[in-house]
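Asks: Sequence:
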Amino acid sequence: MKKALYIFFLLLSFNSFAGTVGPNGEYFLVHDYHDDWQVYSDKMKAYVPYIAEQHVNYPSHTVFCDIESNRGYNLLIYAEKEDNFLFINGSLRQKIPVDKWMVLNIDSLYKAYEQPLIYITLYGSPNIEDKKLLLAYKRELNQKPIVLAESGIKAQPRTPTPYRNYFVVVSMLILVVFSYLSNSYVRAFDRYYNLRDLFNTLVRDQSFLINKPLSRMNILFIVMLAMIISFFFMLLQSKGIYAFGMRAFLQEGETLGVLASNYFRICLAVFMLLIFKYFYISLIGQLFNLEKVVDLHYFKLVQASIIFFTGLVVVLLVLFLEYFPKDFNWTTYLFTPVIFFYVIRFIILYFTINRSVPIQSLYLISYLCIVELLPIILGVRFAL
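For the sequence shown, my numbering begins at 16 and goes up steadily by one.
Among the hints, erroneous ones may be present.
[Stated by the list, open to error] Simulated pairs of lysine-lysine, DSSO-like, Cα-Cα distance not exceeding 30 Å:
#1 Lys292 to Lys307
#2 Lys115 to Lys60
#3 Lys147 to Lys96
#4 Lys60 to Lys147
#5 Lys126 to Lys147
#6 Lys96 to Lys58
#7 Lys115 to Lys96
#8 Lys58 to Lys126
#9 Lys147 to Lys227
#10 Lys60 to Lys110
#11 Lys147 to Lys115
#12 Lys115 to Lys58
#13 Lys96 to Lys60
#14 Lys227 to Lys110
#15 Lys96 to Lys110
#16 Lys96 to Lys153
#17 Lys227 to Lys292
#18 Lys110 to Lys126
#19 Lys153 to Lys126
#20 Lys58 to Lys147
#21 Lys115 to Lys126
[Stated by the list, open to error] Using C-beta positions, here's what the derived DEER-type ranges look like:
#22 Gly326 to Tyr134: 39 to 47 Å
#23 Val192 to Leu334: 22 to 30 Å
#24 Asn142 to Asp81: 20 to 28 Å
#25 Leu334 to Val113: 55 to 63 Å
#26 Val113 to Met59: 27 to 35 Å
Hints are computed from structural coordinates only; laboratory data are not their basis.
Keep in mind it's a predicted model, so treat the numbers as computed, not measured.
The C-beta atom is built at its ideal place from N, Cα and C for all residues, glycine as well.
Full structure from sequences and hints, please.
Replies: Okay, structure coming up:
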């Protein structure tokens, strides 16, 4: 499993920074406007960011393009369906050919419109995935990077999007932590990432890993879990989904610095909640006279969460970067599997505790409802 995750993150980094686009792959990508689409809101009398759940049937999609700062580049336009039209500053320019790239020179647009900012509208298909708008520059045959003799700095194309670069940086950061833990705490790592051990409800040995839930070693794994869960929330944010009212908690903006700041804020909040969860379980365990199973309960909780959220983030990262449908539906794609995970975790905890100490089923269910189901119900209430 360690090797698989190493390979995945390395391929992700390569995929995010490489590749050519446009007709016959003759252009280097500078910026993909995939995440910059806007639609006109009659209610607000202004252009607002495109949100799949709200604007799924809108035939008109608009991007504001800074042509003054991007002179020397080209705009590449592509449509997969018929009857799509190109508008610039609200005026019809031409019909977009099907399955053929349109190339507009930025310098020519700047001379024609004599203004630094224009808005480009693609009108036709309501499915935003049928349309592409890219900023690119044409590569020359046998082109080599330009090297400045004195400084040795290579001229590179502009970075694609803040979110894509942010995903790569955070993925590599998580990979570093992942590598450190897998090499420094081999036995603990193998146990945390062990599906067979997760579903083993008969725990015979009370190891140091279980008996010291807030030891330095366990805290490091909790930190990694907080980083993974926080990455999950930032993936949602990149698609305009702010669970638990995070919009008020996070900074506005999409620069790499703002995204990194938001990520570490969420990391700190998630880490504090995970630590608070232990003391909450300990308190309820004392009330139910179940102090003996508190540490085992918390270990199983962290173990299940690490396995589930690691897999979920890997899947979502691939989907969001490459194949994720724009008609995103929270209930279908995320709500159901997350709730299913908590149900499975509840069942695992029930049988693990039941086989560890003699206890009546109704008494145990009451305990688990307070420490597991109640937080889930409250979480669902505030998440939606």
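Asks: Take the hints in turn and mark each one as holding or not.
Replies: How the hints compare with the structure:
| no. | hint | verdict |
| --- | --- | --- |
| 1 | Lys292 to Lys307 | holds, 17 Å |
| 2 | Lys115 to Lys60 | violated, 34 Å |
| 3 | Lys147 to Lys96 | holds, 11 Å |
| 4 | Lys60 to Lys147 | holds, 25 Å |
| 5 | Lys126 to Lys147 | holds, 24 Å |
| 6 | Lys96 to Lys58 | holds, 29 Å |
| 7 | Lys115 to Lys96 | holds, 10 Å |
| 8 | Lys58 to Lys126 | violated, 35 Å |
| 9 | Lys147 to Lys227 | violated, 53 Å |
| 10 | Lys60 to Lys110 | holds, 27 Å |
| 11 | Lys147 to Lys115 | holds, 11 Å |
| 12 | Lys115 to Lys58 | violated, 35 Å |
| 13 | Lys96 to Lys60 | holds, 29 Å |
| 14 | Lys227 to Lys110 | violated, 67 Å |
| 15 | Lys96 to Lys110 | holds, 11 Å |
| 16 | Lys96 to Lys153 | holds, 25 Å |
| 17 | Lys227 to Lys292 | holds, 15 Å |
| 18 | Lys110 to Lys126 | holds, 22 Å |
| 19 | Lys153 to Lys126 | holds, 20 Å |
| 20 | Lys58 to Lys147 | holds, 27 Å |
| 21 | Lys115 to Lys126 | holds, 25 Å |
| 22 | Gly326 to Tyr134: 39 to 47 Å | holds, 41 Å |
| 23 | Val192 to Leu334: 22 to 30 Å | holds, 23 Å |
| 24 | Asn142 to Asp81: 20 to 28 Å | holds, 27 Å |
| 25 | Leu334 to Val113: 55 to 63 Å | violated, 27 Å |
| 26 | Val113 to Met59: 27 to 35 Å | holds, 33 Å |
Checked against the numbered hints given earlier, this structure breaks hints 2, 8, 9, 12, 14 and 25; the rest are met.
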